[in-house]
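Residue numbers (the numbering used here), protein chains in the order written: chain A, 1 to 187; chain B, 1 to 301.
What the hints contain is simulated information worked out from the structure, not anything from laboratory work. None of these values were measured; they are calculated from a predicted model. C-beta atoms are modelled at their ideal positions from N, C-alpha and C, and glycine is treated no differently. Just so you know, not all the hints are guaranteed correct.
[Said to hold, decoys possible] Stretches of chain A that chain B covers, calculated by requiring three or more beta carbons in the stretch to come under 8 angstroms of a beta carbon on chain B:
(1) 9 to 15
(2) 42 to 56
(3) 59 to 69
(4) 84 to 97
(5) 126 to 135
[Unchecked claim] Chain B residues, not near chain A, derived (Cβ > 12 angstroms throughout):
(6) 73
(7) 77
(8) 78
(9) 255
(10) 284
(11) 290
[To be verified] Pairwise CB distance ranges (calculated):
(12) 76(B) <-> 170(A): 44 to 54 angstroms
(13) 232(B) <-> 97(A): 51 to 61 angstroms
(14) 11(A) <-> 149(B): 27 to 37 angstroms
(15) 76(B) <-> 104(A): 56 to 66 angstroms
(16) 29(A) <-> 234(B): 20 to 30 angstroms
(17) 13(B) <-> 104(A): 45 to 55 angstroms
(18) 144(A) <-> 257(B): 25 to 35 angstroms
(19) 42(B) <-> 127(A): 22 to 32 angstroms
What follows is each chain in one-letter form.
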Amino acid sequence: MNPGLVALAGYVLLGLGLGVSEALQLGDTGIAPSLLIPLVVVVAMRASAMESAWTGLLAGLAVDLLTEVPVSHAGGLATIPGPNALGFLAASQAVVAARGVLYQRGAFAVGVLSALAAGMAHLVVVLLMTLRAIYDKPSLWAPWEELFTRAGSSLYTGLAGLVLGFALLPLASLAGAPDPSRTRFGR
Amino acid sequence: MARGPLRLPSAGTLLFASAGVALIVALLPARLLGWAGWFREPLEFSVAPVQAPVRSMVVWMRGADRPGNAGASERERELERQLAEAVTRLLRTEAENEMLRGQIDVLSRGLEATQGVRFRTAFAPVIGPGADPSTGGLKIRLGRMDEIDESGIAVVHGVHLVGRVARADSRVSWVIPVTERGAPALRGVVMLGEGSAGEFGPRCQLSPAGDGTLTGPLQWDPDRPWADEAVREGMEVRLDDPTWARVAQMLVVGKVESVESSEATPERRIVRVRPVYRLDRVSELVVRMPEGGSGETGGAP
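Please take these sequences and the hints and turn them into a complete structure.
Here's what the structure looks like:
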């Protein structure tokens with residue numbers, strides 16, 4: 001898969017996601033879709049496990065670096081590289097594991113897998129942040145609240161994946177990762 | 001002895017090592033992660049060309065967040081803004097007078113008159129929130145290169161408080177809206193009566209409720225026991241918090257949305273305050289930077 005094209009798509013989706021996240025947010029709930037997860041999912045559906053893992057790790061790292069986490073009651077912020085990187089990595093590997101049993105590989109599959117991948121990524125983030133909150137005081141992390149919000153965001157990401165799938169799947173073919181089900185020996 | 005060619009680690013080994021490093025870094029205490037900002041800033045800068053136009057388009061499609069008289073002309077809006085600014089200055093002067101009276105009562109000798117609050121302002125387009133929407137904060141296109149630092153106070157439409165500048169990088173800064181989950185509690189004062197020209201009412205300690213409002217108990221004033229009973233919906237609440245800079249005092253926090261009795265102690269009244277503008281959806285704000293003695297705080301005693 002052409003890494004340059006994937007990086008370009010990631011860059012555009014990252015900027016696009018930052019620009020529209022408020023507009024797509026459901027009320028004041030904090031529930032908003034991730035536009036990067038569908039890209040990670042499409043790469044994981046089409047590319048090798050190694051390429052998928054790197055894509056997940058780097059996309060998650062970009063999210064980490066662009067996220068400011070409140071860490072003190074005085075309004076202090078911190079950038080914490082790692083939680084989303086590992087979450088996206090786990091998500092990409094979950095899709096790699098699941099792609100073998102996919103019956104169809106169209107936009108609907110991207111939507112379903114995006115919801116699952118986002119759920120996996122958010123679970124890892126919540127686990128790591130909750131672990132941090134045990135010893136990194138003061139902490140403003142509310143695990144249950146985050147878990148519910150992120151569960152909603154995961155479902156919403158599935159919807160975004162369904163829409164983005166129509167654009168990302170042809171892009172994956174352009175990037176040199178055709179649908180394996182259409183190749184002679186593909187599953 | 002001849003050495004073999006240098007062997008580079010495989011992609012799998014590199015990936016495993018990178019994931020290990022990510023795990024270690026993810027669990028480091030926040031105080032050891034200051035260096036992460038070195039990488040964040042260039043990434044923010046490089047993403048901004050995509051993010052900013054998209055956000056501008058979203059704001060344009062949604063329409064400007066303008067409460068009040070929707071049919072007012074730009075000139076009328078400017079006059080409204082100037083009037084609000086004048087009222088804020090008047091109230092700040094009154095609050096300072098009150099503070100001075102308190103100090104005169106305490107000190108036996110005269111006090112040097114408090115100088116007027118001086119500040120400079122800078123317009124800041126809002127680039128947007130962070131990559132993870134569940135964690136708050138507004139990124140603005142002003143930074144240390146524009147002489148903005150953590151003493152800055154962000155306002156919208158002249159006198160409506162948005163929040164403090166929590167972090168200033170060289171080109172961009174982060175503002176935490178006062179309504180954001182995790183934002184520190186603040187002390188406000190309810191303005192009794194109609195509009196902005198009411199008299200000072202009871203104070204209240206307000207914390208973010210997580211739904212875009214602030215909530216907290218009204219403080220009972222033994223000198224004016226009737227005051228908290230006089231609080232009604234729609235009354236204005238202004239900042240009166242000595243832990244905030246003087247340039248922030250008497251800025252509008254919002255309007256009273258509801259007043260209810262506390263479930264635990266019915267004699268205590270809980271006030272819910274909603275900012276006039278949705279702080280997470282502003283497209284442009286103004287940063288007030290105190291001039292001379294940036295850390296100076298104030299407020300009525």
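So is the region 42 to 56 of chain A in contact with chain B by the C-beta rule, three or more residues under 8 angstroms, or is the coverage claim wrong? holds (count 3)
Assertion that chain B covers the region 59 to 69 of chain A - criterion: three or more residues, beta-carbon distance below 8 angstroms: holds (count 9)
Outside-interface status for residue 284(B) - nearest CB in chain A farther than 12 angstroms: 14 angstroms, holds
Between the beta carbons of residue 144(A) and residue 257(B), is the distance compatible with 25 to 35 angstroms? About 26 angstroms separates the Cβ atoms of residue 144(A) and residue 257(B), which means 25 to 35 angstroms holds.
If I take the minimum Cβ distance from residue 290(B) to any residue of chain A, is it greater than 12 angstroms? 17 angstroms, holds
Annotated coverage of the region 84 to 97 of chain A by chain B, confirmed only when three residues or more have a Cβ within 8 angstroms: Held - the region 84 to 97 of chain A has 4 residues with a Cβ nearer than 8 angstroms to chain B, which meets the minimum of three.
Is it the case that residue 77(B) keeps its Cβ farther than 12 angstroms from each residue Cβ in chain A? Given that every Cβ of chain A is farther than 12 angstroms from that of residue 77(B), nearest at about 24 angstroms, it holds.
Should the label of residue 255(B) as a non-interface residue stand, given a Cβ cut-off of 12 angstroms to chain A? It holds; residue 255(B) is separated from chain A by about 17 angstroms at its closest Cβ, greater than 12 angstroms.
If I claimed the Cβ atoms of residue 76(B) and residue 170(A) lie 44 to 54 angstroms apart, would that claim hold in this structure? The hint (44 to 54 angstroms, Cβ to Cβ) holds, given that residue 76(B) and residue 170(A) are roughly 51 angstroms apart.
Verdict on chain B covering the region 126 to 135 of chain A, where coverage means 3 or more residues with a C-beta closer than 8 angstroms: Answer holds; 4 residues pass the 8 angstroms Cβ test.
With respect to the beta-carbon atoms only, verify the hint that residue 76(B) and residue 104(A) lie 56 to 66 angstroms apart. Distance hint for residue 76(B), residue 104(A) holds at roughly 59 angstroms.
Could one say that the CB atoms of residue 232(B) and residue 97(A) fall in the range 51 to 61 angstroms? Because 60 angstroms falls inside the window, the suggested range holds.
Hint check: a violation occurs at hint 17 only; the rest are consistent with the structure.
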